[in-house]
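Participant: Protein chains in written order, with this note's numbering: chain L, 1 to 597; chain R, 598 to 956; chain Z, 957 to 1084.
Hint data in this document are derived by calculation from the structure and do not stem from the laboratory.
Don't be surprised by glycine CBs; every beta carbon is placed ideally from N, CA and C.
Be aware that one or more of the hints could be misleading.
FRET-style restraints, in silico, Cβ to Cβ [to be verified]: (1) R/Ile679 <-> L/Pro305: 38 to 48 Å; (2) R/Leu734 <-> L/Ala238: 32 to 42 Å; (3) R/Glu613 <-> L/Gly296: 58 to 68 Å; (4) R/Pro781 <-> L/Ala238: 13 to 23 Å; (5) R/Thr728 <-> L/Arg519: 43 to 53 Å; (6) L/Lys245 <-> R/Cys830: 16 to 26 Å; (7) R/Trp818 <-> L/Met176: 49 to 59 Å; (8) R/Ser639 <-> L/Met176: 47 to 57 Å; (9) R/Cys830 <-> L/Met176: 54 to 64 Å; (10) R/Leu734 <-> L/Arg375: 25 to 35 Å; (11) L/Lys529 <-> R/Val867: 53 to 63 Å; (12) L/Glu38 <-> Z/Asp1077: 43 to 53 Å; (13) L/Gln297 <-> R/Cys830: 46 to 56 Å; (14) L/Ala238 <-> R/Thr844: 56 to 66 Å.
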Amino acid sequence: MALYRAHVLICHGTGCASGGAPKVLEAFKEELAKKGLEKEILVIATGCHGMCEFGPIVVVYPEGTFYSQVKPSDVAEIVEEHLYKGRIVTRLLYKEPLSAQKVCHYKDIPFYGKQHRIVLSNCGYINPDNIDEYISRDGYQALGKCLVEMTPAAVIDEMKKSGLRGRGGGGFPTGMKWGFCAASPGDKKYVICNADEGDPGAFMDRSILEGDPHAVIEGMMIGGYAMGADEGYIYCRAEYPLAIKRLQTAIKNATEYGLLGEDILGTGFNFTLHIKEGAGAFVCGEETALMASIEGQRGMPRARPPFPAVKGLWGKPTNINNVETWANVPRIIVQGAECFAAMGTEKSKGTKVFALTGKVKNTGLVEVPMGITIREIVFEIGGGIIGDKKFKAVQIGGPSGGCLVDEHLDLAVDYESLTAAGAIMGSGGLVVLDEGNCMVDTAKFFLEFTQRESCGKCVPCREGTKKMLDILTRITEGKGVPEDIDRLLYLGNQIKDASLCALGGTAPNPVLTTLKYFRHEYEAHIFDKKCPAGVCQSLLRYSINTEKCIGCTKCARNCPVSCISGKVKEPHVIDQDKCIKCGACMDNCPVGAVVKG
Amino acid sequence: MASIKAIINGKSITAESGMTILQAARANGIHIPTLCDHPALSPFGACRICLVEAEKNPKLLTSCTTPITEGMIVHTNTPRVIEARKAVLELILVRHPLECFSCASNGKCELQDVAYELGVKDSRFADPGDTNTSHKLEDANPFYVRDLNKCILCGRCVRVCEEHAIYHAIDFQGRGIHTSIQPPVGSPIEESDCVFCGQCVQVCPVGALFEKTAAGQGRPWDLEKVKTVCSYCGVGCELEVNVNKKTGKIANVTTNYSSPTALNKGRSCVKGRFAWQFVHSEDRLTTPLIREGDTFRKASWDEALSLVAEKLGEVKTKHGSDALGFFSSARCTNEENYLMQRLAREVMGTNNVDHCAHL
Amino acid sequence: MTEEKKKIRSLDDLRKIKEKTGDLTSARSEVDKVKVIIGMGTCGIAAGAREIMNAVLKELEVRNLHNVAVETTGCIGMCQNEPLLDVIRPGEPRITYCAVTPPDVSRIVSEHIVNGRIVQDKLYGRAD
């Protein structure tokens, strides 16, 4: 096998790919061929690095140079200067927002400094379509170890010892869950990977599937061996075409190697794996709805018990874990449960991947040890608030979660502490909000989502979230009445108490936590008919400060509904009845005479 | 079956293993209100009216889906439970049209019953314009009407169609507030797999599905159930004919899912359920008729049967047994057909026996 | 790599593949590596640095050495001594060789990189 002195890793995650990464890769191949370096320098398409905002990302090894926002036209320069002559192209280096300094090495970027990349260790590092690269990084060694050296019971013990808990949101101890399924009588069992990631803004699972599909497959096989299942399903939403393609390739390659199929590694263990594409219903992330969907039924949750471990897919004992949980499994087996359990807090072990979005300088995918504080995530990894505005809250756990505020900044993130504070770990969405976000509007956004995605089966979720949404809508339109706050609290608590599945059971959380920490904002909307953050359009009012106005007529000329009148060089006036609050006058005023409030 | 001891509302009860809390309560004479539950259908857990509290369990449980376990201490009427039921009921009533006065189900409506039991008159959460009006009344077929504005999405019709009719002609469609029960996307019920057996109509707890044929024929309290066997075919389905005590006329036909004597176990076909109008037809024969020349005259059964016996005897003596042939009907029961062939073979001495289903 | 579609039939097979594929990603690893840095400024290239590079890569392949990172660097101002080749063994000082010719490469690799003995006659000095 030829030795390549340098490797050019071009991120082909969904973000970078849509940013033009495939063209960058073509350009590299062309330029390297021109220079006769194609035998010396290897070009690889990898999975996601997590800093999608700065894509397409190109990392050059052995130096570990991290280039961001690379365009095909930049490639000739990188090849000529860096790969041929050894001079780093500084203009393409990632610029650190905190210090505004260029950072050369991957490992020196503060975004990665506080991270602890275990599950994501292969993402952006290996070519996900090349099974050999996975094997070269200890891939399938864990499976081999389990099949040859460990009994199924020992594997489950190891999982219990590791303290791994479900990363899909519930946080149920994985080893215990496996134990239930293993103990359930039945000669046919299934394991399922829940890849129906649907929280708005969350893409942890997609990145893992795209960047390291074999880790998920290996984890499922280990689970299959431990629980006595010989068949698995990966339920992946159809909106993830790249993840599905990578999984298909991975399954094909593993099957060709005999790592999937019959008599795996000569141990007599059989395992087959299917991909089932989901049609994009959020509720299909709920395990009973997910199984109904695989069976060809409408994706609707059913009451538990019976639990899937007893009666799951096609009525057989079934174990469902999410992508991140499965991807942790091979690492735990290879490195040992103690090593995994050494990370994190007393009850929450290991790391958690979060999708950090919102008003922070560095957005993207971050993997952090459990127990890290929210302050570290927001201000160190995230680099603080954009424009150095005031931090307001973080929304953790997506539409099922809640918001946390200033007083929680030093909260150590784990399952228990988040739940106690009114949020949930969830699947890992983390949206940072600043003073420019209206909390009523934010709560309304999430409730719109849950109402739209409610399966319609149980009354509290179907009817209750609609009623809450109606109330929030009228509050943001300035039509709220004083009783609305009590109504929201009452409905929220009743929906939590009476809903069938977790979708309804957690849907009121964004409303209840914003009411807890930002009641004054609701009151401002209801009593003062004002949106303090200036977000809710119906409550906005544009007016012209007559002392500042110079009568330049620019606002009047740019008003799309012609509701501004006034003579040249005289102060202008906005007709409030006609105004559509588009803000064009404010944008165009040269002297800042238009005020919003 | 192993028996389980538990406590419901302070009362010690025994139940069979595998029973739900609801079944155990009912078996012990304890009432829990329900909407989506139906004894003939699989538990669904959708309406949340049957919520109860169990000690050591922080969550409210749907009694229709939760198995009762040894030593379980259940409370069916705590303030928390009542409040949850009221909240759920009032959420249903936000969109449900309160037009009970004209509703076909007035008096047998289970939503009405639950509201009455909980003392709820209307919804605290309803705002003007909330009442459902978006669905058009669907009455293109001659058998039943769908008024989806009244539908409370309990899923009974979907379950009965799948579990008893075995057609799965309808299912839930849409999400959130736009969820509704529909045949496959875009087609009306008349073009679906629906065979109009009407079981969905019978199990509908409200007035979302009602028989066209029953309109104006009598309110539930006017009706008396008469158990009978369907006369349409040899299957012998047991039916309940609901007769209006005031008019003496049939209002509609239903079935009994729990009747120990019914071999159809609650099922019926379109004819058995909807095609009973002939009963009150002017042209219907009510006595035997004997032909005299070109006309018929009314006769008693004794007279008619004697005439038949006499004529058959004549033919047999004159031309021998095989001059006779016995022909029976697919509408008769197996037993009736069996008896007829015995009459043919043993009494009349011929093997000339046949049946209309050969035609 | 079509010939590798061979089935993996045992844990040993798997381990063999791992060894065989070890160098697939080794260039990306940053731990415990010997670094070879070749001066690729205009001066270096003119003096034959490309040939030195080729020789280094060939030598590493022949000797099946995966634990070596080969990097390039620009002109460091000693153009008259090009081609320059630096070797850094983990925890040891950076050693610079000057006026390297392709035949020197195999000696540098076998003596210095593999066995840790500096090739005195090509030595220019310590660069750090």
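Participant: Now tell me if each hint is right for this structure.
Facilitator: Right, here's what the structure says about each hint:
1. R/Ile679 <-> L/Pro305: 38 to 48 Å: violated, 25 Å
2. R/Leu734 <-> L/Ala238: 32 to 42 Å: At 37 Å between Cβs, range holds.
3. R/Glu613 <-> L/Gly296: 58 to 68 Å: Violated, since R/Glu613 and L/Gly296 (Cβ atoms, about 33 Å apart) do not stay within the stated range.
4. R/Pro781 <-> L/Ala238: 13 to 23 Å: holds, 21 Å
5. R/Thr728 <-> L/Arg519: 43 to 53 Å: violated, 32 Å
6. L/Lys245 <-> R/Cys830: 16 to 26 Å: Given about 57 Å between the Cβ atoms, the range is violated.
7. R/Trp818 <-> L/Met176: 49 to 59 Å: About 56 Å separates the Cβ atoms of R/Trp818 and L/Met176, which means 49 to 59 Å holds.
8. R/Ser639 <-> L/Met176: 47 to 57 Å: violated, 29 Å
9. R/Cys830 <-> L/Met176: 54 to 64 Å: holds, 57 Å
10. R/Leu734 <-> L/Arg375: 25 to 35 Å: violated, 60 Å
11. L/Lys529 <-> R/Val867: 53 to 63 Å: holds, 59 Å
12. L/Glu38 <-> Z/Asp1077: 43 to 53 Å: Taking Cβ atoms as reference, L/Glu38 and Z/Asp1077 lie about 35 Å apart, which means the hint is violated.
13. L/Gln297 <-> R/Cys830: 46 to 56 Å: At 33 Å between Cβs, range violated.
14. L/Ala238 <-> R/Thr844: 56 to 66 Å: holds, 59 Å
Violated hints, listed in ascending order, are 1, 3, 5, 6, 8, 10, 12 and 13; each of the other numbered hints is respected by the structure.
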